[in-house]
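Number of protein chains: 4
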Amino acid sequence: MIITLRKGAKQKEITAVTEKVKGLGYKPHVSKGEDITIIGMIGDSAEKYKEVFEAMDVVEHVNEIQKPYKLASREFKRENTVIKVSRNVDIGGKKIHVMAGPCAIESRDLLNDTGKIVKEAGGTILRGGAFKPRSSPYAFQGLGEEGLKYMEEAGEKLHMPTISEAMTVDQVELLSKYCDIIQIGARNMQNYDLLKAAGKQKKPVLLKRGMAATVKELLLSAEYILSQGNYDVILCERGIRTFEDSTRFTMDLNAVPVLKKFTHLPVVLDPSHGIGIREHVGTMAKASIAVGADGIIIEVHPRPEEALSDGPQSLLPEQFRNLMKELDLVAKAVGRELLD
Amino acid sequence: MIITLRKGAKQKEITAVTEKVKGLGYKPHVSKGEDITIIGMIGDSAEKYKEVFEAMDVVEHVNEIQKPYKLASREFKRENTVIKVSRNVDIGGKKIHVMAGPCAIESRDLLNDTGKIVKEAGGTILRGGAFKPRSSPYAFQGLGEEGLKYMEEAGEKLHMPTISEAMTVDQVELLSKYCDIIQIGARNMQNYDLLKAAGKQKKPVLLKRGMAATVKELLLSAEYILSQGNYDVILCERGIRTFEDSTRFTMDLNAVPVLKKFTHLPVVLDPSHGIGIREHVGTMAKASIAVGADGIIIEVHPRPEEALSDGPQSLLPEQFRNLMKELDLVAKAVGRELLD
Amino acid sequence: MIITLRKGAKQKEITAVTEKVKGLGYKPHVSKGEDITIIGMIGDSAEKYKEVFEAMDVVEHVNEIQKPYKLASREFKRENTVIKVSRNVDIGGKKIHVMAGPCAIESRDLLNDTGKIVKEAGGTILRGGAFKPRSSPYAFQGLGEEGLKYMEEAGEKLHMPTISEAMTVDQVELLSKYCDIIQIGARNMQNYDLLKAAGKQKKPVLLKRGMAATVKELLLSAEYILSQGNYDVILCERGIRTFEDSTRFTMDLNAVPVLKKFTHLPVVLDPSHGIGIREHVGTMAKASIAVGADGIIIEVHPRPEEALSDGPQSLLPEQFRNLMKELDLVAKAVGRELLD
Amino acid sequence: MIITLRKGAKQKEITAVTEKVKGLGYKPHVSKGEDITIIGMIGDSAEKYKEVFEAMDVVEHVNEIQKPYKLASREFKRENTVIKVSRNVDIGGKKIHVMAGPCAIESRDLLNDTGKIVKEAGGTILRGGAFKPRSSPYAFQGLGEEGLKYMEEAGEKLHMPTISEAMTVDQVELLSKYCDIIQIGARNMQNYDLLKAAGKQKKPVLLKRGMAATVKELLLSAEYILSQGNYDVILCERGIRTFEDSTRFTMDLNAVPVLKKFTHLPVVLDPSHGIGIREHVGTMAKASIAVGADGIIIEVHPRPEEALSDGPQSLLPEQFRNLMKELDLVAKAVGRELLD
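Chains A, B, C and D, in that order, give the protein sequences. Per full-length UniProt numbering, residue 1 is the first one in the first sequence, and the count goes up by one each step. Per full-length UniProt numbering, residue 1 is the first one in the second sequence, and the count goes up by one each step. Per full-length UniProt numbering, residue 1 is the first one in the third sequence, and the count goes up by one each step. Per full-length UniProt numbering, residue 1 is the first one in the fourth sequence, and the count goes up by one each step.
Please keep in mind that the hints were generated in silico from the structure rather than gathered at the bench. There could be a bad hint or two in this list.
Note that identical chains are pooled: a pair holds if it fits in a single copy or bridges any two copies.
Derived EDC-like pairs (lysine to aspartate or glutamate); straight-line CA-CA distance at most 16 Å [said to hold, decoys possible]:
| # | residue 1 | residue 2 |
| --- | --- | --- |
| 1 | K50 | E306 |
| 2 | K48 | E305 |
| 3 | K20 | E306 |
| 4 | K67 | D245 |
Since this is a predicted model, take the numbers as computed values, not measurements.
Isolated chain A, as found in the complex (with noise of 0.2 Å):
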């Protein structure tokens, strides 16, 4: 951590924040320049008393050096994280994953039909919301734990680990029970109670960035789910807000080579939610997959006009079985493997 005092700062108080650097049990490093005087603290967790430090007048500005996140971190575990889903699916090594079905479980058939139509093409996970998150009231909510329970059937008769979302502490415990893997959403990433209940439990958990969250954030979530004893965090990249309006969000692709260099953890992405715009997933599937992904995951539907949220994104079962083959092609000019 860098403090930099402002311009013309007396002794006395550069003194003051020397001494709090002492207290505080780290070596204070003073530069004195012809006006400017820098102060480095530099250590173990140096950088959680970054606000004690800006909170005093005579500092200008705090500099983080080493990153406010540990176990998260590559300098913590320099070899990528593999996790062991179940059903012998491993994430974080050379296959890439395909996770896909319905955006929401809407009925027994559906969920059946679409996953049939995943394993065929060639996904490895099967996909489906219990719990929605919807931005309006009004909209449809899901099927809730019944859904969970077609989920885990269709689990069983395909031979696919799923995975569904968690938005409340109650609903990871039914998660734990029914799913291989437990997401949580952009708009609960920073839910930390929710975090810490994901941390407690033992199944995977894919992490959802935040439409607002810097990468840096999304470690920080990482962190609480890893400080609670869980290690098995995916971490996922579905869009983030910006002005641009042709698209439904700005699916950030350079985030992954960014994580990748600051993280052992797998990294996906969600090209579905991320662009929006069923026309389009495709090719931003192909990006992902060139840009580095572990794994990504893709909205299907049999009969998208029909579905209760997030038609306009989910593929035709032929649009997705066309896009494996080509994914596949992708993966195999980056040193992956896709289909078997």
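Position chains B, C and D relative to chain A; hints supplied.
Same frame as chain A, but now just chains B, C and D:
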């Protein structure tokens, strides 16, 4: 809702759309241009079928015409809502309320000391956090219920209503016992379970806008609370995320006149978090009054450099006292009241 | 400037950096933590070598400590700059100036009529565009030099200084002949040739912030003008691009106190473009005064529905007259003057 | 164009709107709901009257239905435009072109050395700046015409077309003499005079998207060039401004499929500026190919730490050679060609 069809749509496709409109109980209004056809579907709640049409291949684009929220809208209720809090405090009328106090309740003494300063300077509502949303799991997380007891005690002693933040459904219950206003923070603006819980109890709710939430989404989140039967919702702008990095956030004052037009609910501003730099909080508070705020939230701390959170943006007692006099002048200039 | 090295940098690599610092004529200040080393390079203009160090593989990050602009900085000149325009108008002092008029000079009559309305209501500077930057090549582009002649004439007749926008170097020359203040628009904030041309003539320049420009970049663009010898630069905030779509732009009032701290130059706001919705322009104007503006720009049009550009945000004469009285009250409340 | 009227509009007001529509030569299509009336005005160039209606008090909102650009639109020209540059280079066909070279032409030797590296690795167009847009007036501004002469010479020697940036109308003329493609930078995307000058000469123009420009605005700027008679416009995405600060910009790959749908013009990506961090440029280049780029721009520098600009994002020769092979694999995977 206006449905624009792709160029060159065939009569069969146009009919498919108009039949669907009729099937949902609306009357289609077809306008045919030389190569573009648009279909109007106007009426109560038509907008909730937006995705149904977006999912049709012949549809190019759907424009919402009516607002997707109802109870929160100015159309539903023309006069400003005035919320009765307690101890004769009404929010939404001529009087502008200043809610002030420490960011976190760090100790009983701190709260009492600060409360006294606030009260004497003319503040009318005491704020302080017992549960703190912190981006790092390693930062101070608040005193919890103990803090709420101090809060209740301080409110009694000073005859001031109190406000504090709830991050979970359980905390909503606790807070509705100890405090007068329940705050829902920016990070939880779309935590729908929390919104519903807040809507099911009786205390007024202050709902903060998410850092990436549009004005429309803020109103949809308010609608969640209203739709549960609690009509006492105060909206709060506290800064959005933009590219600008010389301030902590960009407080969006533009949202105030827009909200005042769209909704009957009171609007409060939080310049402390909004700009996030102590020396500029006062200036932004003045602008907040001028732009039409029904109240403002200010962090005050007798010893900011010892604060366990948000020290850099807390005002010193002396600064707060002077500011209150300045705010009163601006309030009068725009036909409102602040100090008695 | 603070140079942070990658974890585990070897002594040889550290030396390479310190030698480079010395080679550029600065003294390196090395601070070594357990696994992180930082090197301070403090002194005049050190920041301009930032990229040299960023390009070194051993360097993790470079933080700027000193401001990259000089003549524009508060450090360079402590007192507020007061710019003498003409006809006894000074910008940057106690008096707040309202620059008003039609968006475009559409005809001699329109300009004279509007100018009279502006003058009578208390506006002190007449604005109007002769050259219009239009995003579509098919939109009305302005009357050109003919419009400037009307402008000069109206200024004479009404005894008011005038302001108009230049988009090219040639137009700068024309404008410096006909007008009293030369405006450089948001789209040209980083048109460096234009900035230099404006810096080489004598008339005051009003420089608008680009829609995606940081406060720092605005000051760097001002520095371009100042560095050519023209010290009479007025900065203008006119709205930035954000995700919010209920307003045309997000006028960034937060920038005003920040600019006032960083620079001695006067700051003006443009609520007409900033929020872009006529019925909210007045409210934003009041907030602009409260936040510390030295002036505001307002579009007025006697018949907005016939305006050839920006009709939706122009005020009607009656609205403008009432607004001026309201602004005067706010100005007095913050210790400034507006009407005589 | 769809004109939505305010709730409760009276018949007289509705008639005023329909009469205005008729007066402009269009047929109004009125759709009346229970309390909302909308009026369709569909036909060639109707959108250019948008502001006329927005300025009417009875109008609540105007939605554009048709695109405001014409020559640039896919509707105007269905097949992809393939631009013949020189020396048998075609942009917009099956072959993906890599434009590479130093950020700035720092010396004849540097340009020749880098050009040779580029050519040998499979790059097909030589880039280098003679005029540099720099945010600080104190930074290196380029060699000017001297640099262009080196450029022409290097192009001759290596048999490669060349590209360089023009910032003024005069530079457009110079560049059209010395270079094969004229680049217009992000900061000048709405410098309309420059766009017109580029449209009046014959060389192909590469137009970069502004950092805060929407896809629609990029196409409107392209329209400026096309409307002057030069149909050879290459669009370029180079990163937009967002809140994320771990990358220099956020390269918006989502814009590529959207542009490909809206326009027939070729699209090129600039990962060097887009992400702005050397070690991630290669990854973003692969994603650029996968997302459908017709070309990419890469900065290469034999000694980046000596570069006078953009050193931090320039690739080393060895990195560039390896990258080209990787890009070729991705190109093949998506059905394109890169290396011969």
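Status of the hints after comparison with the structure:
| no. | hint | result |
| --- | --- | --- |
| 1 | K50 / E306 | between (52 Å within a copy, 12 Å between copies) |
| 2 | K48 / E305 | between (50 Å within a copy, 14 Å between copies) |
| 3 | K20 / E306 | between (64 Å within a copy, 11 Å between copies) |
| 4 | K67 / D245 | between (33 Å within a copy, 14 Å between copies) |
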